[in-house]
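Engineer: Listed here are the chains, written in short residue letters.
2 protein chains.
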Amino acid sequence: MAKKPELDDFRVPFFEEGKKSAFKLSDFDAGAKPFSSGSKESDRELLLEFGTKLDAQQECLHAQRLQRVLLVLQGMDTSGKDGTIRAVFHEVDPLGLRIVPFKAPTLTEAAHDFLWRVHAQAPMAGELTIFNRSHYEDVLVPTVLGELSKTQRERRYRHIRDFEAMLADSGTTIIKCMLHISKDEQRERLQARIDDPSKHWKFDVSDLDARKLWDKYQDAYSDALAATSTDYAPWYVIPANSKTHRNVMVAALLARTMESLKLEFPPPKDSLKGVVVE
Amino acid sequence: MAKKPELDDFRVPFFEEGKKSAFKLSDFDAGAKPFSSGSKESDRELLLEFGTKLDAQQECLHAQRLQRVLLVLQGMDTSGKDGTIRAVFHEVDPLGLRIVPFKAPTLTEAAHDFLWRVHAQAPMAGELTIFNRSHYEDVLVPTVLGELSKTQRERRYRHIRDFEAMLADSGTTIIKCMLHISKDEQRERLQARIDDPSKHWKFDVSDLDARKLWDKYQDAYSDALAATSTDYAPWYVIPANSKTHRNVMVAALLARTMESLKLEFPPPKDSLKGVVVE
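From first to last, the protein sequence lines stand for chains A and B. According to the UniProt record's numbering, the stretch in the first sequence is residues 1 to 278, in order. According to the UniProt record's numbering, the stretch in the second sequence is residues 1 to 278, in order.
Just chain A, with the same shape it has in the complex (with noise of 0.2 Å):
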């Protein structure tokens, strides 16, 4: 009998200085659903199940106000980060979710370095985070064009392993989530959206030319996530072809990690015993 898939299969081995990985994206399989329950139905239940624990782990965490949470959301075009935030916090009150999307830099953002832009947008405490794309598009897109020498790239994974060091330091626990769907996959979801002019507004013909750099993005991601992924922010490979499978197993993890918080609610205040309001 097969063994039962655990979460931490789907993790990347943690880096390690002045050892070359042997992680690579394409051994997994994007259109494996090992987490699953077995139906679209029965997963749509087990997420609002998720989504339930989440809500009531995400007010103790804000009623706590002593730690904070950052989930990093990559992937390629279409691998379903919106359509992931969407389910899995549905259940989640608004009000202790902070979303922040990362689109390409402003020229006030580019003058600055990096991490500049990132580090505005870390949570405070008590808050859960989501980032929509993150600061690894400031690695991926100049290392797919050519614009990083190996040097400046290693550079800019040491000082994003520095820097989430920092965060997790400071009280936030980290966890990255890399969506990955096939070359197939995205075609399909594309044609989908070119099909359906009420769609078109999503996209630009222009966005056509990250697939073409497909095979250089996907191991651009290898590269990152194995340089990245470490014990205070470990990275997870979503096998995300199935859109169910692909919430369910982000829940999951999301509901792990903030389990391991020991999250409660803060002791009752004595100065309020026994007032009576008047």
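Note that these hints are calculated values from the structure, not bench results. Just to be clear, a hint being listed does not mean it is correct.
Since copy identity is lost for identical chains, a pair holds within one copy or between any two.
[Said to hold, decoys possible] Below, simulated PhoX-like cross-link-like pairs (lysine-lysine); rule was C-alpha separation at most 20 Å, straight line:
hint, residue 1, residue 2
1, Lys24, Lys183
2, Lys262, Lys24
3, Lys243, Lys3
4, Lys103, Lys202
5, Lys53, Lys262
6, Lys262, Lys199
7, Lys103, Lys3
8, Lys202, Lys212
9, Lys4, Lys20
10, Lys19, Lys103
11, Lys199, Lys53
12, Lys243, Lys202
13, Lys3, Lys262
14, Lys269, Lys202
15, Lys19, Lys150
16, Lys273, Lys202
17, Lys243, Lys103
18, Lys273, Lys199
19, Lys150, Lys24
20, Lys199, Lys269
21, Lys40, Lys262
22, Lys243, Lys199
23, Lys269, Lys53
Starting from the known structure of chain A, fit chain B onto it as the hints suggest.
Structural biologist: Leaving out everything else, chain B in the frame of chain A:
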């Protein structure tokens, strides 16, 4: 037969320069449920309908990226600002919302004019932004504490009208809701929090100080609402002793506002016609 209530019956009369307003918050019954559909259950169903509609409207707003919408929520402690946001926006994609809580100003914020921190949070094109408390706090609190002369206060009202007019002229649709509860209702809600130790984190004994100034706050609100309700940024009084009524009424107002924007998806792009993804 009594006239069917209309949303605009609850609109604060528009400010007229040099004319004393007759508006008083106390003329509105906080316990009324004019827009309730009859029972809590049917109100919840109605809210789900509004929510689904709002979600579609918000997607269109986002797709268009032309207009901006700002919802300002004000009200005394326990009036239900947080609860309103949670309930009214449950069906709306969290990616399309930005919720901005305004707390006591930081040292840096207080070192600027009172609109400085507010302007920085104004909605972008395509955004639906919710102010959870707002620039109005910076008139209400100092008014009640006797820190503003009548002249200073009226100058702030003018600054607010001018600021909101500028936002409106720049494509922002503004709607402002005063969640109106009675003093008795607040007592019950505060007492319930005190009696439940797991809710103690939500407040401090000093929170009861504002309640002692209840009448002064009601007067300050009446004055501020009358001075800043305009055709480009109207105030509505939301009877809010009933939570389901409050939610339904805010949702109805917002849905009507979104409808008035005549939102449409952007036209299909000729450049994508017949494109086949490889």
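Engineer: Each hint needs a verdict: does it hold in this structure or not?
Structural biologist: Hints versus structure:
1. Lys24 to Lys183: Classified as within; 15 Å inside a copy, 63 Å across copies.
2. Lys262 to Lys24: Intra 33 Å, inter 49 Å, cutoff 20 Å: neither.
3. Lys243 to Lys3: Neither. Shortest intra-copy (24 Å) and inter-copy (50 Å) distances fail the 20 Å Cα cut-off.
4. Lys103 to Lys202: Close inside one copy (14 Å), not across copies (36 Å); limit 20 Å.
5. Lys53 to Lys262: Answer is within: at 13 Å inside a copy they meet the 20 Å cutoff, but 38 Å across does not.
6. Lys262 to Lys199: Between copies only: 19 Å across chains, 43 Å inside a chain, cut-off 20 Å.
7. Lys103 to Lys3: neither (41 Å within a copy, 52 Å between copies)
8. Lys202 to Lys212: within (19 Å within a copy, 53 Å between copies)
9. Lys4 to Lys20: Answer is neither; intra-copy 29 Å and inter-copy 74 Å both fail.
10. Lys19 to Lys103: neither (33 Å within a copy, 49 Å between copies)
11. Lys199 to Lys53: between (33 Å within a copy, 18 Å between copies)
12. Lys243 to Lys202: Within one copy only: 19 Å inside a chain, 37 Å across chains, cut-off 20 Å.
13. Lys3 to Lys262: Classified as neither; 29 Å inside a copy, 56 Å across copies.
14. Lys269 to Lys202: Result: close only across copies, 10 Å inter versus 50 Å intra.
15. Lys19 to Lys150: within (16 Å within a copy, 71 Å between copies)
16. Lys273 to Lys202: between (55 Å within a copy, 14 Å between copies)
17. Lys243 to Lys103: Result: close neither inside a copy nor across copies, 23 Å intra and 38 Å inter.
18. Lys273 to Lys199: Result: close only across copies, 12 Å inter versus 57 Å intra.
19. Lys150 to Lys24: For Lys150 and Lys24, the Cα distance is within 20 Å only inside one copy (18 Å; across copies 69 Å).
20. Lys199 to Lys269: between (53 Å within a copy, 10 Å between copies)
21. Lys40 to Lys262: neither (31 Å within a copy, 36 Å between copies)
22. Lys243 to Lys199: Within. Shortest intra-copy distance 18 Å satisfies the 20 Å Cα cut-off; inter-copy 37 Å does not.
23. Lys269 to Lys53: neither (26 Å within a copy, 42 Å between copies)
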